[in-house]
Amino acid sequence: MALRSVSRRLGSRILNHRSFVASIHSHATSFGFQEVKEEEKSKLVGNVFTNVASSYDIMNDVMSGGLHRLWKERLVGKLSPFAGMKHLDVAGGTGDVAFRIYDAVYSVKRRALQKVDEVSLEETQIYVCDINPNMLNVGKQRAAERGLRDNKSLVWVEGDAEALSFDDNSMDGYTIAFGIRNVTHIEKALAEAYRVLKRGGRFLCLELSHVEIPIFKNLYDLYSFQVIPNLGELIAGDRESYQYLVESVRRFPPQERFASMIADAGFEKVEYENLVGGVVAIHSAIKL
Amino acid sequence: MVRLNRVLLKDAGNAIDKTLSEILVCPLSKQPLRFCEKTKSLVSDTIGVSFPIKNGIPCLVPKDGKILEEEADASKA
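Respectively, the protein sequence lines represent chains W and G. Residue numbers for the first sequence follow the numbering used here, so the first one is 4 and each next one is one higher. Residue numbers for the second sequence follow the numbering used here, so the first one is 432 and each next one is one higher.
No lab work stands behind these hints: they were computed from the structure. Please note that the accuracy of each hint is not assured.
As the list claims (entries may be wrong) - Some chain G residues near chain W, calculated using beta-carbon distances under 8 Å:
hint: 1; residue: 455
hint: 2; residue: 486
hint: 3; residue: 488
hint: 4; residue: 491
hint: 5; residue: 493
Ideal Cβ placement from N, Cα and C applies to all residues, glycine included.
Generate coordinates for the entire structure from the input sequences, incorporating the hints supplied.
Written out as structure tokens, the structure is:
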């Protein structure tokens with residue numbers, strides 16, 4: 004136990020020395036702080052989400068003190084959903100973002116304000132794509148609980164962010180919330196996002212990111228490594244998965260680096276907004 | 432009761448399946464998919480792979496694709 008914490012401290016010190024312009028290759032072979040074969044990573048991540056699927060939503064509430072709801076609201080606000088839009092939410096398994104987009108489009112108050120016609124409302128399509136069937140099943144169940152089980156606007160698809168099963172230039176919007184960290188090849192996911200978006204389509208990514216503010220950073224690290232795995236054990240009965248979660252956040256490229264990766268995929272007007280001092284960041288871009 | 436639900440599910444499924452085959456493409460070849468009534472799966476004719484539909488959710492993860500044998504061509508006719 005002591006050895007593990009020593010090696011982890013050593014590991015983080017080495018990481019600090021390493022340049023952050025470390026090759027993207029390193030993300031593909033990292034599972035948290037462990038080094039794994041590229042082919043292995045997606046299976047390991049798959050196992051994590053199969054294990055946590057049933058307590059995913061509760062854990063989000065507990066870990067973030069309910070803040071994740073506000074972050075997702077902000078994400079959807081930035082999206083400015085409209086009636087008739089074709090939207091793809093990737094890694095959106097349990098449906099949090101999809102439901103919010105649905106509500107935003109169908110809200111009665113909004114419709115009254117914007118004089119939306121019923122036809123375009125019905126053409127709204129929100130695709131929820133996730134690589135993990137367990138997460139999708141939780142999402143479908145939640146849809147049923149909201150009375151949206153047979154609703155044609157919500158379409159659940161099992162798929163890989165790195166090889167999407169949607170046509171080129173078919174989506175008005177693409178969101179990925181707390182998912183891009185888990186893909187093996189980030190650049191492939193970004194390239195796919197670019198491919199499926201129409202011209203003028205918006206890319207939005209909500210992800211846990213890096214905190215640089217001096218004392219807050221230490222508190223955040225303490226919370227991440229001391230509190231969260233214990234919460235995972237207590238509530239989800241799975242310490243390992245939440246250990247992976249906090250480690251994977253540290254291994255993910257920082258805000259600026261990720262922004263340049265988005266630009267490399269062809270997007271323009273790449274911006275990011277830090278929330279809670281960088282605990283999460285919303286990156287946005289447009290395909291022109 | 433179970434049978435009734437199953438019938439309802441099947442009907443709902445069929446309606447969705449048509450829409451699906453219109454909007455979805457093969458994740459590997461990016462070519463259109465064909466909904467196969469017999470196997471209730473989405474078929475990518477270009478590369479000869481079929482993707483299952485489980486619980487109304489199409490499984491289009493590349494590694495879930497099943498390579499179709501030659502005799503499947505007969506069912507196409």
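These are the hints, each one checked on the structure:
1. Against a cut-off of 8 Å between C-beta atoms, the interface hint on residue 455(G) holds, since the closest Cβ of chain W lies about 5 Å away.
2. Proximity of residue 486(G) to chain W holds as hinted, the smallest CB-CB distance being about 7 Å (cut-off 8 Å).
3. Interface hint status for residue 488(G): upheld, as the beta-carbon distance to the closest one in chain W is roughly 5 Å, under 8 Å.
4. With 8 Å as the threshold, the beta carbon of residue 491(G) comes within range of chain W, its nearest partner Cβ sitting at about 4 Å, so the hint holds.
5. Because the beta carbon of residue 493(G) sits about 5 Å from the nearest beta carbon in chain W, less than 8 Å, this interface hint is met.
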